[in-house]
Amino acid sequence: MTTNPAAATDNPIVYIVDDDRSVRAALEDLLASVGLRVLAFGSAKDFAAHNMEDAPGCLVLDVRMPGQSGMDFHRQMTDMGIEVPVVFITGHGDIAMGVEAMKNGAIEFLTKPFRDQNLLDAIHNGIEKDRQRRKIAADAAALQARWASLTAGEQDVTRLVVQGLLNKQIAARLNISEITVKVRRGHAMRKIQASSLAELVRIAEKLEM
Amino acid sequence: MPADRMHTSPRIHRFLQVLVIAVVMAAVFVADTITGYEIAAAVFYTIVILMASRVLIGRSLIVLGAVCIGLTVLSFTFTSSGHYREGLINTAISIAAIVVTTYLVLNMEAARTAAHAAQTRLLRIARVKSLEGLTTSIAHEVNQPLAAIVTSGNACQRWLAQDPPNLDKARQAVERMLSDAGRASNVIARIRSLTKGEPPHKSEFEFNKAVVEVVALSQAEMERSNIRLTTEFDPDLPPAFADRVQIQQVIGNLVLNAIEAMVNIPTAARSIRITSDIKDGSISLSVFDSGVGLPAGVYEHLFEAFWTTKEEGIGVGLSISRAIIEANGGQIWAESNSGGGAVFRFSIPATLEESGQ
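The listed protein sequences derive, respectively, from chains A and B. When we follow numbering that gives the first Met the number 0, the leftmost residue of the first sequence carries the number 0, and every step to the right adds one. When we follow numbering that gives the first Met the number 0, the leftmost residue of the second sequence carries the number 0, and every step to the right adds one.
Any given hint could turn out to be false.
Stated by the list, open to error - In silico DMTMM-like cross-links for lysine to aspartate or glutamate, where the CA-CA straight-line distance does not exceed 25 Å:
id	chain 1	residue 1	chain 2	residue 2
1	A	Lys44	B	Glu140
2	B	Lys168	A	Asp138
3	B	Lys208	B	Glu174
4	A	Lys205	A	Asp120
5	B	Lys168	A	Asp18
6	B	Lys278	B	Glu212
Keep in mind the hints are simulated off the structure, nothing from the lab.
Isolated chain B (complex conformation) (with noise of 0.2 Å):
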């Protein structure tokens, strides 16, 4: 499967990496051995060094750095020929460049981290604000017509209400409803399409830790709204293999959802409980709202376009969702919540490998 070998090869390519730096690695040490104390042959473990700082990270590279000293110092008491003051003081050189080469190592590496997390909250903000910019534009483009359909309904009442009725008025203004309701459903077909043209851009990642991310830019809209929250994440699970951006999206609008939910009802029963757990090879997600909940039969209605409870809505967020979802393979759907209010709950697939367990 693709995927499978998608998400080995990098593990092939390490390993191959690690060979290479430990065949270095015994290269520099038999040469140190063998030659005589005048060549500081150790200092080439600086190359050694180098190398694993593209393979290793942090503590693993200062073990690394100890170990060829421990080498150096093993290759110099091994060593028999030439002067030994000499080779000392070349001891004591290449031990200090294998020092200096670590830490300088070590220095950029942290750099790197800090740069590269900059960028991906600037990418993620980016993201956020795609996705605002999106929902405008959506949400103009599908009042237009809306907008549209509701004046001519009023026109078509005032004709049918005229003495005698202008029946011919009244099927015109019919008409042109009609005409703008198929409109307003090509805009959505249109965004569906645009979430399903571009394939999820899969990837491994750690479940949790996505969903804390969105959680953590949604505590804000929480606080404000006095909403306590709990999470019971399943500390267990294996990696998930989807697209994480899109992932995050559908989480950010069950979020959001759940949040609007509950505006009605009095603060000290606002309360939201995110779980994470894994049943048959699939991580699920579940939000839970202690809202006014759902009335009996709406359930299937969800997730089809246009289909919303909320006043300021136009029901394409669970609709764009369940695109998403079901183009990484998952799930969702939307049960009552013993409790009061509602369950969302998604299901996505876990990293092959680790699901056969």
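In isolation and in its complexed conformation, chain A is listed as follows (with noise of 0.2 Å):
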């Protein structure tokens, strides 16, 4: 599975896995009807083989399918890569299937024939969630790019400005002059685009320096 990292868009998307046509249609009809993005599949293969869209989204999956059930499928999603979040929809669901489901992480674990807004709900909260993934590993790989671009004189330096250390203790400990300690300390502040020390701190520990 690749991401296509050219059409990023906060446009949401969700996915639609069902082996049962009619359900598939009426599902992506409903869900056309309040204005969402979405892709059906037949089976968990193909929606696994396709190139996942690079924007927010949430998977709408059958339990019972032939060949792969969606909960095996469910269960081997992180493995893939695939993190989008989870909404299980099944015809005959008794309560330990729905409580294992919730368990591996499912957003909401519906029976058919559910109610529309039951689904919606589930849908938007997938959504929701997986935007707030989203925006939290764009801001880690941000951060990363960013302290890659340090040289490794300014990332040796800014290692030990973080532990509390004065320039001329960090100065002794590298054997450079106390002024090459500034200008590096200097250019690593301007390209981590910390205004503070401590916003460098609460950076470097973001890192997990």
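Hey, can you piece these two chains together into the complex? The hints should help.
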């Protein structure tokens, strides 16, 4: 599974995986009627094989399908690098099944036929969760990129700065002049976009230095 | 009538077997009497007992063994030629052979009965299991189009609620709903033809016993739900003539319906009464429940496919029950119970011979 970063968008998308053509068509239409973008698949395999869009999403997954069941697919999703939240729909669910699905992190477990509002609420819930997840992931990636733009010398100085060492101590530790430490420290602050020492420390924590 | 032939041919068969046994017995008796003491012709009574083990059971076999011993002794008194002492020993050996054979045959028969009972039980469990599987897959098959219909209906409402309403999309949704409804009723038509396609395997059976077996299966369920069960079986019923397993499935369905009908009433008021009787050559079964009963005007829809009053039901149980009962030459109907609740009744033909009484 690959993502297509070129087409990054915030316009959410709902994926539907159900082997029943009627149910698929009806769901597509219901979601279209509330203005959601939809991509529907007849099997988990087809879904896994397609190129995921770089947009917040939610997966509506049928439990009982020929071939791989929805539950099995859900368990393997993380390993496959698919992280969209899942809303289960099933023809005849029992409590045990629902509990297991929720334990595995599903947003909701709905028994067919379900109230449309319940499904829509669950989907919006899922999309919102995915949006947050994506934002956290994007922030972390941006921060990582900023850190990577530092030279090796600047990174060394920054590590010691956040440990609370004084310029003089850093200079002694790295065997460089205090002036050099000041210069590198200034560059690092600018590149990392930290306006104060406190902010630099906070960013360092996020980078898990 | 073919039914008549099926019914009488085992009788003729049995009569012939008894006749052969009697002839062999007589032959052994004559041989034992006219031959001298030295010839132990009486041992051949063991053949009689072995043959009879196919026809007779339990006590009758013991009686037959006793008769053979009696005949042996009789032959001994009638025989006049040969050495008396040898004759005495031979007679004793013959009697011992008859006793041992009878004993072994009885043992064998008990083992065979036990094996047969175990097999019947297994078969019944398999039937119940397969019916469970059938209902699960029916539920799934019917639920899919139903879910699609509901979802399309919701979508349709939303398209219509838009300003201006999207009539084109709404029309498409309605078309999908119609085709899905058609698909759902095809599922039921297929199930009904399944029950119809397989001609009922009719045979004579003891009706009350068949009912008791089914009721026993649902006993645990009734106890769990605190339901008081009373049965009034007509003890003089002639045997029924139908497919025993199919009829039992219908009875099971009616009993389960009765149990489910009383979920929402106080425990103290829950009771089921099951009665059997015969009228005009038909055996009928009635299942009375003390549930909420059925509103007037629903009786004619009860046996239609997809018609249900249950929240979880899909409305195929009674439809299938009717198909089964009709295939067995009977009728099924429902009435309101004068004491509150509902009565479901069906009638099936009794054995033809007895119905003439």
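Hint-by-hint comparison with the structure:
With a C-alpha separation of about 22 Å, the suggested pairing of Lys44 (chain A) with Glu140 (chain B) holds against the 25 Å cut-off. With a CA separation close to 41 Å, the supplied pair Lys168 (chain B) and Asp138 (chain A) exceeds the 25 Å bound. Proposed proximity of Lys208 (chain B) and Glu174 (chain B) is contradicted: the alpha carbons are some 51 Å apart, above 25 Å. A hinted pair counts as satisfied when its Cα atoms are at most 25 Å apart, and Lys205 (chain A) with Asp120 (chain A) does not qualify at roughly 33 Å.
Taken as a hint, the Lys168 (chain B) and Asp18 (chain A) pair is honoured in the structure, with Cα atoms around 23 Å apart against an allowance of 25 Å. For a cut-off of 25 Å, the pair hint linking Lys278 (chain B) to Glu212 (chain B) stands: about 23 Å separates their Cα positions.
In this structure, the earlier hints numbered 2, 3, 4 are contradicted, and the remaining ones agree with it.
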